[in-house]
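Following the hints, position chain S against chain P.
These protein sequences, in sequence, are chains P and S. Residue numbering for the first sequence follows the numbering used here, beginning at 58 and increasing consecutively. Residue numbering for the second sequence follows the numbering used here, beginning at 526 and increasing consecutively.
Simulated from the structure, these hints should not be mistaken for laboratory data. Beta carbons: idealized from backbone N, C-alpha and C, even for Gly. There may be inaccurate statements among the hints.
What the hints assert, rightly or not - Derived lysine-lysine pairs resembling DSSO-like cross-links, with alpha carbons at most 30 Å apart:
1) K69/P <-> K792/S
2) K284/P <-> K681/S
3) K775/S <-> K765/S
4) K681/S <-> K739/S
5) K775/S <-> K739/S
6) K284/P <-> K775/S
7) K636/S <-> K681/S
8) K69/P <-> K681/S
9) K792/S <-> K775/S
10) K792/S <-> K767/S
11) K767/S <-> K739/S
12) K284/P <-> K69/P
Stated by the list, open to error - Stretch-level coverage of chain S by chain P, calculated; a stretch enters the list once three of its residues show a Cβ under 8 Å from a Cβ in chain P:
13) 608–618
14) 695–703
15) 749–757
Stated by the list, open to error - Negatives, chain P to chain S, calculated, CB over 10 Å:
16) S60
17) I135
18) E238
19) L278
Below are the chains, spelled out letter by letter.
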Amino acid sequence: MISPRRIAAVLKKELLQLRRDRMTFAMVIMIPLIQLLLFGYAINTNLRHVPVALVDESRTELSRTLAQIVQATQVVTITEELTTSQEAERAITESRVRAALIIPRDVSQRLARSPSVGLGLADTTDQTSSRPVAHWIVDGSDTMVASAIKSLRTMPLTELLKQAPNRQVPTFEVTLYFNPEQRSAVNIVPGLVGVILTMTMILFTSAAIVRERERGNMEMLINTPIKSIELMIGKIIPYIFLGLIQVAIILGLGHVLFDVPINGGLGTLLVVTLLFIIASLSLGLVISTLAQNQLQSMQMTIFVLLPSILMSGFMFPFDGMPQPVQMIAQILPATHFMDMIRGVVLRDASLYELRWGILWMIGFAAFGLLAATLRFKKRLG
Amino acid sequence: MSDIVVSTQDLTRRFGENTAVNNLDLEIRTGQIYGFLGPNGCGKTTTMRMLTGLLTPSSGAISVLGRSMPEAAEPLKNEIGYMTQIFSYYRDLTVLENLRFAADIYGIPAKSAAGRIDELLHTYDLTANVHQLSGSMSGGQRQKLALAATVLHRPKLLFLDEPTSAVDPETRRTFWEQLFDLVDQGATMIVSTHFMDEAERCHRLAILQHGVKKADGSPRQLMDDLQADVVEVEGPDLRKVKHALVGQPKILSTAQVGSRLRVLVDKSEPQPVEMLRGQLAAFPDLSLTPQRPNLEDVFVSATRGPEQ
Chain P
58 MISPRRIAAV
68 LKKELLQLRR
78 DRMTFAMVIM
88 IPLIQLLLFG
98 YAINTNLRHV
108 PVALVDESRT
118 ELSRTLAQIV
128 QATQVVTITE
138 ELTTSQEAER
148 AITESRVRAA
158 LIIPRDVSQR
168 LARSPSVGLG
178 LADTTDQTSS
188 RPVAHWIVDG
198 SDTMVASAIK
208 SLRTMPLTEL
218 LKQAPNRQVP
228 TFEVTLYFNP
238 EQRSAVNIVP
248 GLVGVILTMT
258 MILFTSAAIV
268 RERERGNMEM
278 LINTPIKSIE
288 LMIGKIIPYI
298 FLGLIQVAII
308 LGLGHVLFDV
318 PINGGLGTLL
328 VVTLLFIIAS
338 LSLGLVISTL
348 AQNQLQSMQM
358 TIFVLLPSIL
368 MSGFMFPFDG
378 MPQPVQMIAQ
388 ILPATHFMDM
398 IRGVVLRDAS
408 LYELRWGILW
418 MIGFAAFGLL
428 AATLRFKKRL
438 G
Chain S
526 MSDIVVSTQD
536 LTRRFGENTA
546 VNNLDLEIRT
556 GQIYGFLGPN
566 GCGKTTTMRM
576 LTGLLTPSSG
586 AISVLGRSMP
596 EAAEPLKNEI
606 GYMTQIFSYY
616 RDLTVLENLR
626 FAADIYGIPA
636 KSAAGRIDEL
646 LHTYDLTANV
656 HQLSGSMSGG
666 QRQKLALAAT
676 VLHRPKLLFL
686 DEPTSAVDPE
696 TRRTFWEQLF
706 DLVDQGATMI
716 VSTHFMDEAE
726 RCHRLAILQH
736 GVKKADGSPR
746 QLMDDLQADV
756 VEVEGPDLRK
766 VKHALVGQPK
776 ILSTAQVGSR
786 LRVLVDKSEP
796 QPVEMLRGQL
806 AAFPDLSLTP
816 QRPNLEDVFV
826 SATRGPEQ
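Next comes chain P alone, as it looks inside the complex (with noise of 0.2 Å):
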């Protein structure tokens, strides 16, 4: 028989102690507000101002102008002016600019001829007509900087010919739902609510439990009727409200700073983040029924953080990895979560919707508890 007497002398024991461990409460509510802070300002998919060099060979108004729509697009900054591509290679090596723009001796020409000022129909199969106006060199190791300096690639000239612009008919319409300003704080401020559940969530339980052994409580404990099922009980309520205060800063403050809207249902979202969360807590405890100490609590809370993080889609969009990767990252709660929070925060999704994701977590739940309750025995050997 489970005592509800006993889980609650845990849970005010470790509520008394919380109380007392300044430390630890105040990493609570920092740790999400400076995160949200950091990441809210810091992350942002958006490239803008890139540090390029300019190669002006022709030396022309014409490039002179054809420098100023490019910087104008604000894709770009330059920040030198170099006279050889010779010159221009040596500074992206040294990384004092990612890219290098070079208008050769010839650009008034080229531009002629180009179908991008839209003076006839150009023929591409003739060399000369089809040549671009002036050619970029870029540090292509950076994915995301060398796909901005792409984006440059077909920019329309007209401008350069103060001609109107030509009435460029899109083969695809595009609508753009939930987030159509291209906001990543939109993006990232949901996924921060997992990243941050995911480390203090398994760390604070599995350092709870572990501190016990260490401080030499455990071998008391166990020496009581204590069952192990009220311990991990009694131990981990308290960290579920730690954890929905967490959820309420980060959202909270996402919301006020970063305008990030919070579209769907408050219940959808507590019910989809207390699952997260008492998913999350039952991987601390089957962590703190290996680790010895406090430090391979940590180490082992690491392991996890690190693929929540890189893999869960936080990030890097998880369509986009190959599917041995995606297999091993839906182990992970935080990929579903971050998909369930995403969903209620920014597509209104119901919980119906989500229902894969919340029947996943509560099965990861159930069998984390299941399994630190059996691996938790009240023997030394």
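Using the frame of chain P, we list chain S on its own:
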């Protein structure tokens, strides 16, 4: 009902190659303070852990309060109290919070718990420390708190693992008085120690070495049955005298105590003083007097030499 509270037959526990407890037979009667005396690593704590069901024996049988261990470990938790060697209650909780925690864990009804805690605070002189964090108290106070928490649920059988290794002699004295009060109230105790004065207070003792029981009996009986005579040697150059005696036949041990040398001579020697005088002819200024054996002599004699 039998008055045997704890009994073991051929109790053995191995950790890999190492045998921590070897074929131990014990019989502990109700109302006794039973001591395990032995050096560190002799198997005291391992035995206690097997008796409380924390460790499973490699072989042998254990009966505690009429039930078989470790199978009955869980149901017996309410009847057993275990005070660990290191303070194992919460240092970041106050005295009262720790006691309330223990009361809740043992399921003592809230009404009677308050009265019981109050009674224990008085008995163990902790009323002034009720709201003090146990981590900020002295070793002696912490140990009183640990005892109070251990006996809170009125266990019939108490295990105390080196209970006074971290306290001063005065506190140790008071502590033992409290143990006898508990015995008076009907408790049986098993105490492990490596202190002779503590062991001497037990009703009955088992001397352990390398997991083997070397002697078993009341302290008085053990001293009376000692298979050695004790002679005290007094005079100059005691270190040289000691070196002269080491390794001599029938000399079981020599140990200097202040300005005297305590020599254990095998009981098979009918004239121990005369024999010693002969062996120490090179030292004319010595006075030799026979002495009553004490518990340390028993311990030294029992644990002397290689394992039997």
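Hints, one by one, checked against the model:
1. K69/P <-> K792/S: violated (62 Å)
2. K284/P <-> K681/S: Cα-Cα ~21 Å, so holds.
3. K775/S <-> K765/S: Since the Cα atoms of K775/S and K765/S sit roughly 19 Å apart, the hinted pair holds (cutoff 30 Å).
4. K681/S <-> K739/S: Given pair K681/S, K739/S holds - Cα atoms ~28 Å apart, limit 30 Å.
5. K775/S <-> K739/S: holds (20 Å)
6. K284/P <-> K775/S: violated (57 Å)
7. K636/S <-> K681/S: holds (22 Å)
8. K69/P <-> K681/S: holds (28 Å)
9. K792/S <-> K775/S: holds (8 Å)
10. K792/S <-> K767/S: holds (20 Å)
11. K767/S <-> K739/S: holds (26 Å)
12. K284/P <-> K69/P: Holds, at roughly 16 Å.
13. 608–618: holds (count 9)
14. 695–703: The restraint on the region 695–703 of chain S is violated, since only 0 of its residues have a Cβ under 8 Å from chain P and three are required.
15. 749–757: violated (count 0)
16. S60: violated (7 Å)
17. I135: holds (61 Å)
18. E238: The assertion about E238/P holds, with a minimum of 49 Å to chain S.
19. L278: violated (8 Å)
This entry does not satisfy hints 1, 6, 14, 15, 16 and 19, going by the numbered hints stated previously.
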